[in-house]
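Here the protein sequences line up with chains V and A, keeping their order.
Here this note's numbering is used: the first residue of the first sequence is 1, the next is one more, and so on.
Here this note's numbering is used: the first residue of the second sequence is 1001, the next is one more, and so on.
Some hints could be false.
What the hints assert, rightly or not - Here are some chain A residues pointing at chain V (derived, C-beta under 8 angstroms):
{"id": "1", "residue": "E1010"}
{"id": "2", "residue": "K1013"}
{"id": "3", "residue": "V1054"}
{"id": "4", "residue": "A1055"}
{"id": "5", "residue": "S1058"}
{"id": "6", "residue": "I1059"}
{"id": "7", "residue": "A1069"}
{"id": "8", "residue": "R1093"}
{"id": "9", "residue": "M1153"}
{"id": "10", "residue": "E1156"}
{"id": "11", "residue": "Y1159"}
{"id": "12", "residue": "Q1165"}
{"id": "13", "residue": "S1169"}
{"id": "14", "residue": "A1274"}
Hints are computed from structural coordinates only; laboratory data are not their basis.
In this text, a Cβ means the ideal position worked out from N, Cα and C, and glycines have one as well.
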Amino acid sequence: MTTVVGTIEGEVWKQLENVKDPEIPSISVVEMGMIHRVLVEESHVVIEFMPTFVGCPALKIIEQNIVDQLSALPGVTNVQVELVFEPAWTSERISETGREKLRQFGIAPPPGKPEDHWEIACPYCGSRDTTLDNLFGPAACRSIAYCRDCRNPFEALKPIY
Amino acid sequence: MTANRLETVEQAKANPEYRTALTELLYQLADDDLVLSFRGSEWLGLAPHVEEDVAFSSITQDTMGHAAAFYGLLEGLGEGKADDLAHLREANRLRNAILVERPNGTGHYLNNPRYDWGYTVVRQYVYEIFKQERLESLTRSSFAPLAQLARKMRPEQRYHLLHWQTWFSQLANSTEEARQRIMAGVERVWTDAGGLFDLGPYGQAIVNFGLIEDGALLAERWTEKVKRAFEANSVPWPGNPQQGQLNGRAGQHTDDLKSALAELAEVYRLAPAANW
């Protein structure tokens, strides 16, 4: 029985890599650090899901995408997504791969530790000669910045600690 | 707060008096954020510049998301669907403070809007300071799911506060006209701001159950912060804010709230069964 449960859990984590943030489609919910735990009891799967922002309008879409993605798995009859606020998601939870993918998408990742200074490096050329043009951007989690070296506007994820 | 900590919705439901006090408080939290967000959304396209349109919309969207999270807790407590709670209640069922329902100015956003930016900046700023104090107190709430939610909201809310603090300080230290408009905004905001701290008819139970600290205590902390901000920007302290005739926490509201709700819920009410 343990082996069966173990297999489903591993498969679930693999499938979660295919669930992307609808607003940043290159990065998965796993790389964003949004999955707290995967609980499997026989064919019943519970995903403990940590929102990056409470007010994020994409939450419902992500929840639905998780359910759709996992329901197709053999041996899974029921998928439940539970929002978890404690422990709370912080910027620290974004993985190194996630940070690299954010840069590739043109978004500067937030500082990796709560005590780190919020220094915004340009995701295109790496320059630190940047300005924060608007603390608020196209989504609650993002700010708008500008690179004075390569003269590109870009977005930066707000630190959440 | 020494009251027993309740870990789950089921525990809250098992104690009818606790549940009543909790739902009353949650309506206050949700309705304040919802109605102020609606007022914020009316500024879209009318804010002083395009960057402000982006920023204010983002703050408004996030704040509406906070309201949705509070309605979600109410849904869990058996109050009905979160979307219905936001859209289908009549004005006298809402528990928001009067301050957040006041119109942005005269006119309508589609028709000759003469909105008052000075009033808006002061209202948003003092509300965010209030919200920060309220969230801080809620992190120690006896209802664990609410305490957890408040802790998660805090870092987001800090960005909102920073934004309005910047506007307040820049306008108060700008031209004479900007300064006058800020002072006029303060005067108008002060006729209602006292109502924020009222915990409504179930206030005593809310405090006794350790759901949040007493409104007078929140008012004290708020006053200290706002006084310091006013001093730093040479804005004279107008004294303690008034509460006004109507008590929003008891379901008493202006006609402006009725028209705001009619507008907010217009589409939803056309087809409440529709899936959005």
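To see whether the hints hold, each was checked on the structure:
no.: 1; hint: E1010; verdict: 15 angstroms, violated
no.: 2; hint: K1013; verdict: 18 angstroms, violated
no.: 3; hint: V1054; verdict: 6 angstroms, holds
no.: 4; hint: A1055; verdict: 4 angstroms, holds
no.: 5; hint: S1058; verdict: 4 angstroms, holds
no.: 6; hint: I1059; verdict: 7 angstroms, holds
no.: 7; hint: A1069; verdict: 5 angstroms, holds
no.: 8; hint: R1093; verdict: 23 angstroms, violated
no.: 9; hint: M1153; verdict: 5 angstroms, holds
no.: 10; hint: E1156; verdict: 6 angstroms, holds
no.: 11; hint: Y1159; verdict: 6 angstroms, holds
no.: 12; hint: Q1165; verdict: 11 angstroms, violated
no.: 13; hint: S1169; verdict: 15 angstroms, violated
no.: 14; hint: A1274; verdict: 15 angstroms, violated
Hint compliance for this structure: hints 1, 2, 8, 12, 13, 14 are broken, all remaining hints hold.
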